[in-house]
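**Q** Each chain, letter by letter, is given below.
4 protein chains.
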Amino acid sequence: MTVRIAVAGASGYAGGEVLRLLLGHPDVEIGALTAGGNAGSRLLAHQPHLLPLADRVLAETTADTLKGHDVVFLALPHGHSAEIAAQLGDDTLVVDCGADHRLTDAAAWDRWYGGTHAGSWPYGLPELPGQRDELRGARRVAVPGCYPTVSSLALAPAMGLVEPEVTVVAVSGTSGAGKSLKPNLLGSEVMGSLSAYGVGGAHRHTPEIAQNLSKVADGPVKVSFTPVLAPLPRGILATCSATLKDADEDVRAVYEKAYADEPFVHLLPEGHWPTTGAVLGSNAVQLQVAVDRDVNRLVVVAAIDNLAKGTAGAAVQCMNLALGLPETTGLSTVGVAP
Amino acid sequence: MTVRIAVAGASGYAGGEVLRLLLGHPDVEIGALTAGGNAGSRLLAHQPHLLPLADRVLAETTADTLKGHDVVFLALPHGHSAEIAAQLGDDTLVVDCGADHRLTDAAAWDRWYGGTHAGSWPYGLPELPGQRDELRGARRVAVPGCYPTVSSLALAPAMGLVEPEVTVVAVSGTSGAGKSLKPNLLGSEVMGSLSAYGVGGAHRHTPEIAQNLSKVADGPVKVSFTPVLAPLPRGILATCSATLKDADEDVRAVYEKAYADEPFVHLLPEGHWPTTGAVLGSNAVQLQVAVDRDVNRLVVVAAIDNLAKGTAGAAVQCMNLALGLPETTGLSTVGVAP
Amino acid sequence: MTVRIAVAGASGYAGGEVLRLLLGHPDVEIGALTAGGNAGSRLLAHQPHLLPLADRVLAETTADTLKGHDVVFLALPHGHSAEIAAQLGDDTLVVDCGADHRLTDAAAWDRWYGGTHAGSWPYGLPELPGQRDELRGARRVAVPGCYPTVSSLALAPAMGLVEPEVTVVAVSGTSGAGKSLKPNLLGSEVMGSLSAYGVGGAHRHTPEIAQNLSKVADGPVKVSFTPVLAPLPRGILATCSATLKDADEDVRAVYEKAYADEPFVHLLPEGHWPTTGAVLGSNAVQLQVAVDRDVNRLVVVAAIDNLAKGTAGAAVQCMNLALGLPETTGLSTVGVAP
Amino acid sequence: MTVRIAVAGASGYAGGEVLRLLLGHPDVEIGALTAGGNAGSRLLAHQPHLLPLADRVLAETTADTLKGHDVVFLALPHGHSAEIAAQLGDDTLVVDCGADHRLTDAAAWDRWYGGTHAGSWPYGLPELPGQRDELRGARRVAVPGCYPTVSSLALAPAMGLVEPEVTVVAVSGTSGAGKSLKPNLLGSEVMGSLSAYGVGGAHRHTPEIAQNLSKVADGPVKVSFTPVLAPLPRGILATCSATLKDADEDVRAVYEKAYADEPFVHLLPEGHWPTTGAVLGSNAVQLQVAVDRDVNRLVVVAAIDNLAKGTAGAAVQCMNLALGLPETTGLSTVGVAP
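Order-wise, the sequence lines are chains L, A, E and H.
Using this note's numbering, you'd call the opening residue of the first sequence number 1 and step up by one each time.
Using this note's numbering, you'd call the opening residue of the second sequence number 339 and step up by one each time.
Using this note's numbering, you'd call the opening residue of the third sequence number 677 and step up by one each time.
Using this note's numbering, you'd call the opening residue of the fourth sequence number 1015 and step up by one each time.
Bear in mind the hints are in silico, worked out from the structure with no lab data behind them.
Ideal Cβ positions, reconstructed from N, Cα and C, are used throughout, including at glycine.
Treat the hints with care, since some could be wrong.
Restraint-style ranges between C-beta atoms, simulated for each label pair [as the list claims (entries may be wrong)]:
#	chain 1	residue 1	chain 2	residue 2	range
1	A	Gly452	H	Met1015	52 to 62 Å
2	A	Gly406	E	Ala878	41 to 51 Å
3	E	Gly712	L	Asp105	52 to 62 Å
4	A	Asp365	H	Pro1277	18 to 28 Å
5	A	Gly417	E	Asp766	57 to 67 Å
6	H	Pro1277	E	Gly795	51 to 61 Å
7	L	Thr62	E	Pro945	21 to 31 Å
8	H	Val1071	A	Gly406	51 to 61 Å
9	E	Gly712	A	Lys520	12 to 22 Å
10	E	Ser856	A	Ser379	56 to 66 Å
Work the whole structure out from these sequences, hints included.
**A** In structure tokens form, the structure reads like this:
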């Protein structure tokens, strides 16, 4: 089986990573590549690492250029997916790397993003309880945000064991901010410096994390989330903690069981701690758990590549599930290190 | 007034930073420089940035070589300060950058460091309530750990306003780990990667943070502390949070008042967030506060240079206080950026 | 066809990269993994990115553990390959990532490395004129050094067009120095700093570059080579220049022709310049040429990943050639960026 | 004596560094700070490391706002200095960090920058032979480019000893490119990658290097110059080489003599090599020389901080000379490391 795919937003980081992964996917043929302001230029100018596609010219992102593909990946700014998806029809699998269809609550959408809620699509985090079934055969997939991916996988197995109030501090590389030309994203500013942003619950990924954990907990979970920007291009390391209901709970056993059959989520052996370097370029999630008995708190540390499992890897994983391909096709748990 | 100083551990990062600052201190003459394994070699081999001292030869770290100086800075591995200090006499001001005399509780020392407790010295964080007076005219000073410095200054004003259970996730550059030759500190491992360590309350700075906050709160404060290693040489960015007792508290006003007269601690104007790049090489602490109303939590973000205000800058600041010099002599709030 | 391979030196950077690539090679089964001082430990402790092999225990590097494999990759310190190879027999393909069998001149070996010359093996840079044929069906392969790879490919097509005296300044990431625990390789030292080493023709790769270019030029070529260490884990960018014999030569056409059929060497379109980020993790070589008419000099800039095409990628490419597999099997021209 | 200074272009990197240095200068009072597009905003938004000036509001860059100061530092885009300087009058010392008045040859200006040549000013590299005298009492100073500074100081003593054709490959941090919002300067692009630019003699600093060396050599010197961008904010490491006329020349003695009395230029002892980390934030130049006997070539490696000695430090040094202050006032040879 060969599926023909298109990527909208092919000059950005998310679109580039989708293409990087699909170049190694045996069942995929790469069709239209589209962009907004960069339409008309060659891909080489934007993605010099994708040599086999170097000479491709970027088309305009319109429903017309995207039509006729089996799968369309949307890597667009927030708010642009719904209209295009509506014109693509149900015979096309649409995988949206943007935020438009992640939140199920229209009021939450309005508060955090503003404007009309486009409705929610099957949520592309198959490792959450019950989620995989929703993705098999789906025609629309909302790829999770990078922070919600790592935070939800870090904490989901603990729901029920901890008080429903969690703290997440997640340190991220800069590619999560995309290619937007902002002074604080210049190399000179980023290198040699650390900064926090969206502090005090102001980051848009907060309600998405809360949505995921509340669904697993079957009740409201409060999330204190702070993202920190660090000098590296890729990777998120999340430190997640919450008060344990029972200090003697065998937390490790719970996590081992939760992820025993997951191909991409790895609870490391005791004594080993996750690093983002070890998952660079891969779809792997590395986890480790600890219990702080002095404060009776569970601490989970998790590492992902924000562009891979945090965005494009999840997109490909969901495409595989939706199309009935083996879930791991074209994906790897092998990082590029050092 | 010119004071003659000596530095024990002059080939390491803490010792080097003490010397860097003292080279710009108008009242100081630099005497003996000593080392352990590096004794006999020239300083240039270890501190190529300290050109005016390039030809100095490192002596052995012994009480004999350190005697006869007005001030002795100890930048030694843990457990080595007490014996040397005992031989120096009370006419010498001893400023210990190590951990030996920070903890007041002998049981805590035994649990976290092991061995006999050397007793506690005046604690070198003058910005804590009442602490400055203890340092004026002192003959012995215990310089705080880098994480306790940033965490305690971030949270001290909030004691009383928050429940006595705080969470600190502090991201640090690699110089905090010193020059020890460990595989995980190699540049190839560090660059492009993030990692957590001492997770679950296992880091030795945990009891020191708890000691500081408990003293301010006048009651026990639980501290969940996780350090994260990021790819930069210097800087710590701490994200500190706790549940507010009263969600309508004017937290900002409390912090403004607390640090209004402090020369080195700066609450940034609203809308500005601390970065470690902005304090590089300086003795400044940059702070910002936020209240997350969804979870009723105070979040404080603070940035320091771990080698400067986190170690050597604090050492010089305390020397100034102990000797009766203006507290800011030889120190700066101007960072080296970008 | 499935070939069974072993890797000696599996805990180091070169060995790790060989394994990373072979995990994606369809015709390979990974057998013994051996080490020196790290024998007895699990691979996870040294290569946390190679999750599928995490539980493998490292054996001692001996001929006995390596025997019985179709291919043995040696990633050992210089001087250790010859003895082991001698015991493996000609039915085993031995691919040596070390320097032992690169130099053809015993006197050069003695001057630059010292000790007895082990003799030379087929040199694993198939893109040099005539070299590919030497590698087909070979039983022994000497993988080139990383600097010689990038420098030789940058300059080989120009031999004949330029005076036989070339200047190469190659900036490298730190992984080229391996995992050796040296103070100058600590993250704190490397990040935020640039340094040169082996200046004045003192680097051991100098005679290897000269050997390659002299062979192509069919006459002695003088090489002024300076390596520079920069703060990144992987990648070499070489700036190579030489005086043109004829300023009106169509240099670009010569390079286009030289590499027209090479799967891994890419002369970029005019106006695009190589970056090491674009080739990270890939076997690609990106090149660009310019003529400086003011000084009548050809300048070639070339980028590789020192661990991939510079070491392990070349090793796999040569294995493919030696075994009669398609040369590009398991290798990619797609980099991991940003 | 207190001189009142103004800085035009105070929101950029060069202007920020001038201010950082002047905040530590005992004889300076900081007056007007001006900007282009950033006029009207507070300095904190652009220079968060300059806390003592945080509340200063940036004025428009006009002759009116700059008038009435003893010294005006211009840190403006090329082509903007001449007009403003003309309106300031000779009672004001104007120190131009831009390129407008560096080149003495109008035709060279036209070729490399375009437009009308504004004429040349005393060139602010006092370490070049005879140059210091030109700067004493000057009313106009053209601060050299960063690459010309390091290259000229590296090679000037060798003029006469080498053939008049030199090769310079200089690796630079990103701050040299300023705060301009270009995709290739984003942190995600810069970190983990190396790139060359202005290859083939296309960089505008090429004629300035040639001008300096030709003046010292008293005859035309050909310069092959290639700049390389590396992932660090500050620092330039230049590798400079040329063919020796006499292989037995005692080059080291020549360099020792040339810089024996220079406060900022340091020829390191044999066996030590310059690093940019060691000069970060300082006005020091670190040099080392080697002779490659195999190719009969002198190789000089030199390190500076491009913003300090490469721009703002030189500006302050020249101000000191012009005003008759001790040349080293407010400047340091002590770097901020690690």
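**Q** Given the hint of 57 to 67 Å, check if Gly417/A and Asp766/E actually sit that far apart at their C-beta atoms.
**A** With a Cβ separation near 58 Å, Gly417/A and Asp766/E satisfy 57 to 67 Å, so the hint holds.
**Q** Does the beta carbon distance between Gly406/A and Ala878/E stay inside 41 to 51 Å, or does it fall outside?
**A** holds, 44 Å
**Q** Check the following: the C-beta atoms of Thr62/L and Pro945/E are separated by a distance inside 21 to 31 Å.
**A** holds, 27 Å
**Q** Given a hinted range of 18 to 28 Å, is it respected by the beta-carbon distance of Asp365/A and Pro1277/H?
**A** Holds, since Asp365/A and Pro1277/H (Cβ atoms, about 23 Å apart) stay within the stated range.
**Q** Check the following: the C-beta atoms of Gly712/E and Asp105/L are separated by a distance inside 52 to 62 Å.
**A** Holds: the Cβ-Cβ distance is about 58 Å, inside 52 to 62 Å.
**Q** Return holds or violated for the Cβ distance of Gly712/E and Lys520/A against the range 12 to 22 Å.
**A** Check passed, 18 Å falls within 12 to 22 Å.
**Q** Can you let me know if the beta-carbon spacing of Ser856/E and Ser379/A is within 56 to 66 Å?
**A** violated, 20 Å
**Q** Range hint 51 to 61 Å: satisfied by the CB atoms of Val1071/H and Gly406/A?
**A** Given about 52 Å between the Cβ atoms, the range holds.
**Q** I want to verify a distance hint. Is the separation of the beta carbons of Gly452/A and Met1015/H within 52 to 62 Å?
**A** The hint (52 to 62 Å, Cβ to Cβ) holds, given that Gly452/A and Met1015/H are roughly 59 Å apart.
**Q** Using the Cβ atoms, figure out if Pro1277/H sits within 51 to 61 Å of Gly795/E.
**A** holds, 55 Å
Hint compliance for this structure: hint 10 alone is broken.
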